[in-house]
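A.B. asks: Put together the whole structure using the sequences plus the hints.
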Amino acid sequence: MAGITDGKFCRKLSTKGFDLVTIGGYNSDRETILAGKKIIKRGRSEFDVPLGDFKEHITHQTDIIKKDTHWKGMVSVNLRAVTTSPIIEISEINEVDVVEINAHCRQPEITGLGCGQSLLFKPEKLERFTHEVVKKADSKVSVKIRANVQGTDIIEISKSVENAGADYLHVDAMKPGHPQADYDVISSIKQTTEIFLIGNNSIKDLKSAQKMIDAGSDGISLARALITGKLPFDLSLVKFNNSK
-18 MAGITDGKFC RKLSTKGFDL VTIGGYNSDR ETILAGKKII KRGRSEFDVP
32 LGDFKEHITH QTDIIKKDTH WKGMVSVNLR AVTTSPIIEI SEINEVDVVE
82 INAHCRQPEI TGLGCGQSLL FKPEKLERFT HEVVKKADSK VSVKIRANVQ
132 GTDIIEISKS VENAGADYLH VDAMKPGHPQ ADYDVISSIK QTTEIFLIGN
182 NSIKDLKSAQ KMIDAGSDGI SLARALITGK LPFDLSLVKF NNSK
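Position 75, counted from 1, in the sequence shown is what my numbering calls 56; the numbers after and before it change by one each time, with no gaps.
Because the hints were derived from the structure by calculation, they are not lab data.
Be a bit skeptical, because a hint or two may be false.
Derived Cβ-Cβ restraints for the label pairs, each shown as a range [to be verified]:
id, residue 1, residue 2, range
1, E175, K220, 13 to 23 angstroms
2, D49, D148, 26 to 36 angstroms
3, I136, R87, 31 to 41 angstroms
4, L218, W52, 12 to 22 angstroms
5, P89, T(-4), 22 to 32 angstroms
6, Q172, F221, 13 to 23 angstroms
7, G158, K116, 31 to 41 angstroms
8, L187, T(-4), 14 to 24 angstroms
9, G24, G95, 23 to 33 angstroms
10, N144, G210, 16 to 26 angstroms
11, P89, Q172, 29 to 39 angstroms
In this text, a Cβ means the ideal position worked out from N, Cα and C, and glycines have one as well.
C.D. replies: Pasting the structure below:
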């Protein structure tokens, strides 16, 4: 949520025990920025369009997080793009440790461009796209995907990301019609891949965080539970798998 999870927001939360904070998602090229403006007009203000030079904007946001601080964690930037070029360019920023390919956004203005969630329907394209970023990026590479999208194969998608050489697979384990995450899909991905798996969705307390780890995630990510800028539970109490 680019209009919310900016540098100031992430710097505040970096002191709460996180190893990595993510700014974005950002629309990072002309096509996605124009699509973002349309989304904003219908009330989704989090599809922020930064003014001026995009790379300069991201540099400023990452500096806010890391400058004059003793925090040793990583900064990730979640990016929506039609081509790999803007993602690779952002990876060149000194304070960017991870660029995250957004294969997750389901807004029709974005999917209509062939990026975001639409990539899940074309695992071969996602693999090629990810591989090109991995090959040329100056940072680590993550891919964020959404589970239980009708007409897609989550295992095929996960393997395509792994085959492309990505460092992380970030899975929104949403389960339509249910208030909790789909822990079974996390277990299935863990059993069929060896990529570092980050589980996301409905993590709001210690119990849900531990369930995500126990299902097979190597790490967890929180989003809406942090919207107030406060962490609702003590991360140090989560028993993480330290095998990776």
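A.B. asks: Run every hint past the structure and note whether it holds.
C.D. replies: Hints versus structure:
About 21 angstroms separates the C-beta atoms of E175 and K220, a value consistent with the hinted range of 13 to 23 angstroms. With their beta carbons about 28 angstroms apart, D49 and D148 fall inside the hinted range of 26 to 36 angstroms. At roughly 20 angstroms, the beta carbons of I136 and R87 sit outside the given window of 31 to 41 angstroms. In this structure the hint that L218 and W52 lie 12 to 22 angstroms apart at CB holds, the actual value being about 20 angstroms.
With their beta carbons about 38 angstroms apart, P89 and T(-4) fall outside the hinted range of 22 to 32 angstroms. For the pair Q172 and F221, the beta carbons lie near 19 angstroms from each other, so the given range of 13 to 23 angstroms is met. About 40 angstroms separates the C-beta atoms of G158 and K116, a value consistent with the hinted range of 31 to 41 angstroms. Checked against the hint of 14 to 24 angstroms, the pair L187 and T(-4) passes, with Cβ atoms roughly 19 angstroms apart.
Evaluation of the 23 to 33 angstroms hint for G24 and G95 yields a pass: the beta carbon distance comes to about 24 angstroms. Between N144 and G210 the Cβ separation comes to about 38 angstroms, which falls outside the hinted range of 16 to 26 angstroms. Checked against the hint of 29 to 39 angstroms, the C-beta distance between P89 and Q172 comes to roughly 33 angstroms, which is consistent with it.
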